[in-house]
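As you go down the protein sequences, you meet chains W and Y in turn.
Quick note on this note's numbering: the first sequence kicks off at 1 and runs consecutively.
Quick note on this note's numbering: the second sequence kicks off at 1 and runs consecutively.
Keep in mind the hints are simulated off the structure, nothing from the lab.
According to the in silico footprint, chain Y covers these stretches of chain W (three or more CB under 8 Å from chain Y):
(1) 42-48
(2) 70-79
(3) 83-89
(4) 97-106
Pair ranges (Cβ atoms, derived):
(5) Y/D148 <-> W/P90: 40 to 50 Å
(6) W/E165 <-> Y/R110: 34 to 44 Å
(7) W/E152 <-> Y/R161: 41 to 51 Å
(8) Y/A185 <-> W/P90: 29 to 39 Å
(9) W/F92 <-> Y/A261: 49 to 59 Å
Values in this document were obtained by computation on a predicted structure and should not be read as measured data.
Glycine included, every Cβ here is placed at the ideal spot set by N, Cα and C.
As a plain string of letters, each chain reads:
2 protein chains.
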Amino acid sequence: MTGSPRIVALAGGVGGAKMADGLVQAAGAECVTVVVNTADDFVLYGLHIAPDLDTVLYTLAGIANPVVGWGIDRDTHATLGAIAGYGRDPWFQVGDRDLATHILRTEALRSGRSLTHVTADLAAALGVRSSILPMTNDRVATMIRTPDGPLEFQDYFVRRRQQDEVIDVAFDGIEAASVTDEVRAAIAAADLIVLCPSNPIVSIGPMLLLPGLREALIAAGALIVAVSPLVGGKALKGPADRMMTSLGHESSAAGVAALYAGLVDGFVLDTVDAELEPRIASGGMRTLVTEAVMRDAPDRGRLATEIVAFGLSRARVPA
Amino acid sequence: MTGSPRIVALAGGVGGAKMADGLVQAAGAECVTVVVNTADDFVLYGLHIAPDLDTVLYTLAGIANPVVGWGIDRDTHATLGAIAGYGRDPWFQVGDRDLATHILRTEALRSGRSLTHVTADLAAALGVRSSILPMTNDRVATMIRTPDGPLEFQDYFVRRRQQDEVIDVAFDGIEAASVTDEVRAAIAAADLIVLCPSNPIVSIGPMLLLPGLREALIAAGALIVAVSPLVGGKALKGPADRMMTSLGHESSAAGVAALYAGLVDGFVLDTVDAELEPRIASGGMRTLVTEAVMRDAPDRGRLATEIVAFGLSRARVPA
Chain W
1 MTGSPRIVAL
11 AGGVGGAKMA
21 DGLVQAAGAE
31 CVTVVVNTAD
41 DFVLYGLHIA
51 PDLDTVLYTL
61 AGIANPVVGW
71 GIDRDTHATL
81 GAIAGYGRDP
91 WFQVGDRDLA
101 THILRTEALR
111 SGRSLTHVTA
121 DLAAALGVRS
131 SILPMTNDRV
141 ATMIRTPDGP
151 LEFQDYFVRR
161 RQQDEVIDVA
171 FDGIEAASVT
181 DEVRAAIAAA
191 DLIVLCPSNP
201 IVSIGPMLLL
211 PGLREALIAA
221 GALIVAVSPL
231 VGGKALKGPA
241 DRMMTSLGHE
251 SSAAGVAALY
261 AGLVDGFVLD
271 TVDAELEPRI
281 ASGGMRTLVT
291 EAVMRDAPDR
301 GRLATEIVAF
311 GLSRARVPA
Chain Y
1 MTGSPRIVAL
11 AGGVGGAKMA
21 DGLVQAAGAE
31 CVTVVVNTAD
41 DFVLYGLHIA
51 PDLDTVLYTL
61 AGIANPVVGW
71 GIDRDTHATL
81 GAIAGYGRDP
91 WFQVGDRDLA
101 THILRTEALR
111 SGRSLTHVTA
121 DLAAALGVRS
131 SILPMTNDRV
141 ATMIRTPDGP
151 LEFQDYFVRR
161 RQQDEVIDVA
171 FDGIEAASVT
181 DEVRAAIAAA
191 DLIVLCPSNP
201 IVSIGPMLLL
211 PGLREALIAA
221 GALIVAVSPL
231 VGGKALKGPA
241 DRMMTSLGHE
251 SSAAGVAALY
261 AGLVDGFVLD
271 TVDAELEPRI
281 ASGGMRTLVT
291 EAVMRDAPDR
301 GRLATEIVAF
311 GLSRARVPA
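Chain W extracted, bound-state conformation (with noise of 0.2 Å):
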């Protein structure tokens, strides 16, 4: 390694970005690569919506709303009144500015660019400096099995506020699909591979299940550190922890290091959860175990500042 370390962090939507964001902070825009699910992408009156990647680009590109994580900072919702005045239901909050985004990648995508040039160029656009790329730019749509029927993803997360009970998971497309060659180029490249604190089964599970990402990340240089979503049991938001139990996995840090045997080096937890250390690292994986919560950006940057330094601090274990 000489110079700066090259990151690679993959994310999913909230917690991904603000563990982006803090890397920015620890290593530079310039050497940070964001690896963002795309699962959750669906269409929207006709429009591409790309739920993290999106919620990736406003973060690092400063204009998220603080309060939420996702969406544009006070942004109007004039446009989706309007959509609802046409007697359409506006179950989905999209923002006046935030349409701009969607309608543009649309017309992008329907003009034959792939969906990593347009979001670099949108990216560029916004001033981001690191380098935000979708896993793919092949269809892939998690399907969330549920008593009452199988639900498109973002039906079940926004529109029934995720509370179904998850029976099973599946990946519309993913064997079909293909990572992309920026993806595996930046990870060949990294010094640093950060699974960021999303969730394991519907953000890290499509990325680790396409394709030739799983075996870029097996065959790559660098060391692997996860970050648990789960803090003392619980998501620090959305539906990881229930989706964890009902899927017959362990509702902690424990559980989703096990999901992530045999690819991390590097397991990131709570102090809350450094009871779990001994198993953890029983498993293999070397710990670091932090304040794992980032309440604000500069928890971000703390964070982000001590797991480079932890995944930096020995080379990898070869296979």
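The hints should help you fit chain Y onto chain W, whose structure is shown.
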């Protein structure tokens, strides 16, 4: 004719929408069908924009911006601002509420619905009880030939503010397009047909050139009355006067009447043009000389009431 007269108005943008609104006041919403020019439709940021349809729609829904005549009253422009923030030229004023129309229209067209059905759905959702019919479901695009080369219509009209000299006007795709069955049926059933005070070259013009529409007008049993968009030789709005001159027509009510000769039975002109009345009448048209400028909503109703009385006062002279 039994019961209320059925009126078909052929309309372009603002002048046509005002006339349509007047006819609704005069005859009742359910009795009015507005056939609207679509040759200035275009695609912006991947969205299908239909400026004349929207102007008629918003006017009849009572939500049009009363100052400029197009767009939605007190609309905001947050999305357009964000699109500009992405580096795109915000040359066409798309409001946030307005955008809902473009988004839902585009979605429906892409799903395979016809522009006729989409327009009916939008109008119904906004509580419009008149029938608003696009002239065709096919793509027709007005092209303006200028000394600097050809321009798409909205480029000429909005972006370049009608400053270019118009050497010629062509309607791309018009030979392959056809009038809809709905327009044909409305014309056949009409008791009175009104050519609104819209630009005779680029608003009424493409309708009269559209395969099947002129034939339907000629075959109609109803009297056809045209309202001059030129008063005192000047267009009330837009470039009709300069366009008439540069294309070799007289820029006056008489020049407009000459363009409609052989098709129109009655012609409505403003009192300031009373001296032109004998020339127009000598061409075989009946004439109505009145206050033909619609300055406010009551003006529209008053003018329309006069036109309906004028148009229904005599049966059509058989050809």
